[in-house]
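Asker: These are the residues of each chain, in order.
2 protein chains.
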Amino acid sequence: MTKHLLRDLENLKKRILTVGAMVEEAIAKSTSALLDRRVDLSKQVLLGEGLIDATEVLVEEECLKVLALHQPVAADLRFIVMVLKANSDLERMGDLAENIAERAGYLCENEPLRALPEQKRMVEQVRAMVRETLDAVVDLDVDKARKVLQSDIEVDRLNREVFAVLQDLMVRDSGTVARALHTLSASRNLERIADHATNVAEDVIFLCEGQIIRHRGRKLGPVTKR
Amino acid sequence: MTKHLLRDLENLKKRILTVGAMVEEAIAKSTSALLDRRVDLSKQVLLGEGLIDATEVLVEEECLKVLALHQPVAADLRFIVMVLKANSDLERMGDLAENIAERAGYLCENEPLRALPEQKRMVEQVRAMVRETLDAVVDLDVDKARKVLQSDIEVDRLNREVFAVLQDLMVRDSGTVARALHTLSASRNLERIADHATNVAEDVIFLCEGQIIRHRGRKLGPVTKR
Numbered sequence: 055m056t057k058h059l060l061r062d063l064e065n066l067k068k069r070i071l072t073v074g075a076m077v078e079e080a081i082a083k084s085t086s087a088l089l090d091r092r093v094d095l096s097k098q099v100l101l102g103e104g105l106i107d108a109t110e111v112l113v114e115e116e117c118l119k120v121l122a123l124h125q126p127v128a129a130d131l132r133f134i135v136m137v138l139k140a141n142s143d144l145e146r147m148g149d150l151a152e153n154i155a156e157r158a159g160y161l162c163e164n165e166p167l168r169a170l171p172e173q174k175r176m177v178e179q180v181r182a183m184v185r186e187t188l189d190a191v192v193d194l195d196v197d198k199a200r201k202v203l204q205s206d207i208e209v210d211r212l213n214r215e216v217f218a219v220l221q222d223l224m225v226r227d228s229g230t231v232a233r234a235l236h237t238l239s240a241s242r243n244l245e246r247i248a249d250h251a252t253n254v255a256e257d258v259i260f261l262c263e264g265q266i267i268r269h270r271g272r273k274l275g276p277v278t279k280r
Numbered sequence: 055m056t057k058h059l060l061r062d063l064e065n066l067k068k069r070i071l072t073v074g075a076m077v078e079e080a081i082a083k084s085t086s087a088l089l090d091r092r093v094d095l096s097k098q099v100l101l102g103e104g105l106i107d108a109t110e111v112l113v114e115e116e117c118l119k120v121l122a123l124h125q126p127v128a129a130d131l132r133f134i135v136m137v138l139k140a141n142s143d144l145e146r147m148g149d150l151a152e153n154i155a156e157r158a159g160y161l162c163e164n165e166p167l168r169a170l171p172e173q174k175r176m177v178e179q180v181r182a183m184v185r186e187t188l189d190a191v192v193d194l195d196v197d198k199a200r201k202v203l204q205s206d207i208e209v210d211r212l213n214r215e216v217f218a219v220l221q222d223l224m225v226r227d228s229g230t231v232a233r234a235l236h237t238l239s240a241s242r243n244l245e246r247i248a249d250h251a252t253n254v255a256e257d258v259i260f261l262c263e264g265q266i267i268r269h270r271g272r273k274l275g276p277v278t279k280r
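As you go down the protein sequences, you meet chains A and B in turn.
Residues in the first sequence are numbered consecutively from 55, following my numbering.
Residues in the second sequence are numbered consecutively from 55, following my numbering.
Bear in mind the hints are in silico, worked out from the structure with no lab data behind them.
Check each hint, because a few of them may be wrong.
Note: identical chains are not told apart, hence a pair may lie in one copy or across any two.
What the hints assert, rightly or not - Below, computed lysine-lysine pairings styled on DSBU-like, alpha-carbon distance capped at 35 Å:
(1) 57 to 174
(2) 174 to 198
(3) 198 to 57
(4) 201 to 174
The task is simple: from the sequences and hints, build the whole structure.
Answerer: Here is the structure:
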């Protein structure tokens, strides 16, 4: 590998971690807005939305430049394709954090629903998963990436619990329908964040082991599967 | 461009269109299952789920091979990156069609809700959008791709209408909650299919014009924005 390619690949890694840190912050703020009724944090997330998008575009351009300039092969090529895909997943995680912030904004303006310990656990799990995913990317660590895949199963389970509780609430008290739907939407967005983290973890494993492990029966959106 | 690269790029285009045709069929069947209560079509979609996934993996491997073998630059490089990204979007559209098929399966087993002409229009619009997106990919046609972006706005609007109707139904009659949630989920999945089609269309425009037009204020999941 030439010195220039090495430097450019290190730069790509830094860039993708910058996007990752921004997304992590958006998730932390939007979920705090949701759990602690912090409308100020919700607003912060919505104000910062353009920055993640702009950074994603820059990273993609950077990847194309490195591909065109160095025409890397084998592991280097796979690394760049991993960055390209992770970049796209991270940007969508940022979009989902915004959606949670919007739902939280609505919920802050209305009477609180009953406490949802399942959703709190889901938030903790998803935050830890995103952290682990970014660590797996930095260290190209297959063990961490596999832990992410395990966590996703737990997130799906918690999401089904939240769904059941909220459906029950709506049936028993029609006055809760609007708020329950917003809470449900926040939960679903959390679950989708976990799905995107899983995509990134799968791509890290592919990069390290040359094995495509997608599609082991995992499906999207099991929330409404009953 | 060498003769071999030309042949490999043509092959990639054929492959991505094969994935596209499979996804289109899954969407057609799952939405017919939903609108016409055709449980047989729902089952067909769920039985065929592995095939789209397997084909997506093949196309990705093919892209990596062509990149490594020919080390293409400029437009050829961008074309392959477009195929890589479209491949991933199409596979997710297939997952979403499966989710719709599952929702339809549940709804077929239960008493029908009131008619939802808004959802029927949404289905028509999304099907046309997916067709147009695939045409834009085959012909690298920017005008068709721009039409897809326009249609997405209309799909979002219809989705909000469906949401309002169903929320109202749940508030007025708690006996409808479970079925309304499944119907809502189908609608949201349709809207997400339209979002992925939009991603592909944006990548076609980027390929043709070298201009990244993502993030013009479009957001995910406006369904619960009220």
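Asker: Give a verdict on every hint.
Answerer: Hints, one by one, checked against the model:
In the homo-oligomer, the alpha carbons of residue 57 and residue 174 never lie at most 35 Å apart, since the shortest distance is 47 Å inside one protomer and 58 Å across protomers. When the C-alpha separation of residue 174 and residue 198 is checked against a cutoff of 35 Å, the pair qualifies only within one copy, where the shortest distance is 23 Å, while the shortest distance between copies is 44 Å. With identical chains, the CA atoms of residue 198 and residue 57 are at most 35 Å apart within one copy only, with a shortest distance of 29 Å there and 43 Å across copies. Taking the shortest Cα distances, residue 201 and residue 174 sit within 35 Å of each other inside one copy (20 Å), while across copies they are farther apart (42 Å).
Checked against the numbered hints listed earlier, the structure breaks hint 1 alone; every other hint is satisfied.
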